[in-house]
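Student: Start from the sequences, fold in the hints, and give me the full structure.
These protein sequence lines map, in sequence, to chains A and B. If you want my numbering, it's the position in the first sequence, counting the first as 1, plus 381. If you want my numbering, it's the position in the second sequence, counting the first as 1, plus 792.
No wet-lab data here; the hints were simulated from the structure. Hints are not guaranteed to be accurate.
[What the hints assert, rightly or not] Residues of chain B clear of chain A, computed beta-carbon distances all greater than 10 angstroms: (1) Asp799; (2) Asp800; (3) Gln802; (4) Arg810; (5) His855; (6) His891; (7) Glu903; (8) Ser905; (9) Met931; (10) Glu937; (11) His959; (12) Arg962; (13) Arg966; (14) Leu969; (15) Gly975.
[Unchecked claim] Below, a sample of chain A positions facing chain B; criterion: calculated Cβ distance under 8 angstroms: (16) Lys386; (17) Leu412; (18) Asn420; (19) Phe421; (20) Ile428.
Cβ coordinates follow ideal geometry from the N, Cα and C atoms, glycine included.
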Amino acid sequence: MLDCKQNTELLSQSYERPVTLGERIAMRMHLLMCRGCRNFEKQLVFIRKAARELPRKL
Amino acid sequence: MNTIDHDDLQQHRSYLLRYAMLQLRDPHLAEDVVQETLIAAIESDKFAAQSSLRTWLVGILKHKIMDVVRKRAREPQLEVAEGEDESELVDALFKENGHWADPPQTWNAPEKSLENAHFWNVFEQCNQRMPLNTARAFMMREFMEMTTEEICQELSVSPTNCWVLLHRARLALRECLDLNWFGNAR
Ligand SMILES: [Zn+2]
Chain A
382 MLDCKQNTEL
392 LSQSYERPVT
402 LGERIAMRMH
412 LLMCRGCRNF
422 EKQLVFIRKA
432 ARELPRKL
Chain B
793 MNTIDHDDLQ
803 QHRSYLLRYA
813 MLQLRDPHLA
823 EDVVQETLIA
833 AIESDKFAAQ
843 SSLRTWLVGI
853 LKHKIMDVVR
863 KRAREPQLEV
873 AEGEDESELV
883 DALFKENGHW
893 ADPPQTWNAP
903 EKSLENAHFW
913 NVFEQCNQRM
923 PLNTARAFMM
933 REFMEMTTEE
943 ICQELSVSPT
953 NCWVLLHRAR
963 LALRECLDLN
973 WFGNAR
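Tutor: Written out as C-alpha cells, the structure is:
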C-alpha cells in the first residue's frame, strides 16, 4: 500500500514520466480511500494551469 | 517581416523584466538578460510577422535566460545548494507513518482565482519564497513549458533529482497558496 507521501510523489512524477500500470492502480487505490490526496491531486492540476497562465498575467 | 519600432520595444521592457525575474530571481541578472534581449532585437531589426512582438521578444529572452541558467549549473557551488534544506518542508507535511500531518482541504472555486489580480501577486510571491533551484526547475517546467529532459540537462542533474525538485516545488506552492490565498490557515 502507498502512504500519502509516496502517493503524492507518484502523482507528481506522473507529470514527468509515463507511470506503469501497477503504479497507476496503486495510486487509484490510495485515492479511493484518501480524501486529502484527492484534494491534492485536484490542486496539482490547478497549480499547473495557473503556472502556465502566468506569462499572460505578468 | 515587420520592422521594429524602438519605442515599442521599451514598452515590453517591464514585462520582460518580470518574466526574467521569475526565472532568475536576481535583479542584476534579469536586467542583463533583458538588455541583451533588446539589443539582439534591435540588431536583427526585423521580426517574423506571424508572431506578436512580445512573443518574439520572449522567445529571445528564453534563450538568454537559459544561457545564464546553464552557466550557473556548471558552477560547482550549485551542487552544495542542491539539498537546499527543503526536505524540512516535506518532513513537516507528513507524519512519520507517511500520512498527511494536515490533509489538504478543498479549495473553494479555484478557477475564479485566475481572474483575480491579487491571486497572481500571491502566486508570484509563493514562487519567490521557494529555494532557488526548486523554483528554477518548476518555472522551467511550467512557466517556460520545457520538457523534463531539457530541464535535467540544463541543470546538470539526474532525472530522479529533477523529479524531486519539481515535486518539492509543487508541495511548497500548494502549501503557500493554501495558507495565503485559499485561506485554509490552521
Ligand atoms: Zn493520501
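Student: None of the hints should be skipped; say for each whether it holds.
Tutor: Quick rundown of the hints versus the structure:
With a closest Cβ-Cβ approach of about 20 angstroms to chain A, Asp799 of chain B is found to remain outside the 10 angstroms limit, as its non-interface label requires. For Asp800 of chain B, the non-interface assignment is confirmed: its Cβ lies about 17 angstroms from the closest Cβ of chain A, beyond the 10 angstroms cut-off. At roughly 16 angstroms from the closest C-beta of chain A, the C-beta of Gln802 of chain B stays outside 10 angstroms, upholding its exclusion from the interface. For Arg810 of chain B, the non-interface assignment is contradicted: its Cβ lies about 5 angstroms from the closest Cβ of chain A, within the 10 angstroms cut-off.
Separation of His855 of chain B from chain A is adequate, the least Cβ-Cβ distance of about 16 angstroms exceeding the 10 angstroms criterion. With a least beta-carbon separation of about 5 angstroms from chain A, His891 of chain B fails to lie farther than 10 angstroms from that chain, contradicting its non-interface assignment. For Glu903 of chain B, the shortest C-beta to C-beta distance to chain A comes to about 8 angstroms, within the 10 angstroms cut-off, and the non-interface label is violated. Listed as outside the interface, Ser905 of chain B is inconsistent with that label: its C-beta sits roughly 8 angstroms from the nearest C-beta of chain A, within the 10 angstroms cut-off.
A beta-carbon of chain A comes within 10 angstroms of the beta-carbon of Met931 of chain B; the shortest separation is about 8 angstroms. A Cβ of chain A approaches the Cβ of Glu937 of chain B within 10 angstroms, the least distance being about 7 angstroms, so the stated non-interface status is violated. Not every CB of chain A is more than 10 angstroms from the CB of His959 of chain B (nearest about 4 angstroms), against its label as outside the interface. With 10 angstroms as the threshold on Cβ separation, the claim that Arg962 of chain B sits away from chain A is violated: the shortest Cβ distance comes to roughly 5 angstroms.
Distance to chain A contradicts Arg966 of chain B as a non-interface residue, since its nearest Cβ pair spans about 5 angstroms, not more than 10 angstroms. The beta carbon of Leu969 of chain B sits about 7 angstroms from the closest Cβ of chain A, which is not more than 10 angstroms, so the claim that it is off the interface is violated. Look at Gly975 of chain B: its CB is around 14 angstroms from the nearest CB on chain A, clear of 10 angstroms, so calling it non-interface holds up. Interface hint status for Lys386 of chain A: upheld, as the beta-carbon distance to the closest one in chain B is roughly 4 angstroms, under 8 angstroms.
Taking 8 angstroms as the C-beta cut-off, the interface hint given for Leu412 of chain A is violated, the closest approach to chain B being about 12 angstroms. Residue-level restraint check for Asn420 of chain A holds (minimum Cβ-Cβ distance to chain B is 4 angstroms; threshold 8 angstroms). Here the hint on Phe421 of chain A is kept, as its CB sits about 5 angstroms from the closest CB of chain B, short of 8 angstroms. For Ile428 of chain A, the shortest C-beta to C-beta distance to chain B is roughly 6 angstroms, which falls under 8 angstroms, so the interface hint holds.
The structure fails to meet hints 4, 6, 7, 8, 9, 10, 11, 12, 13, 14 and 17 from the earlier list, while all remaining hints are met.
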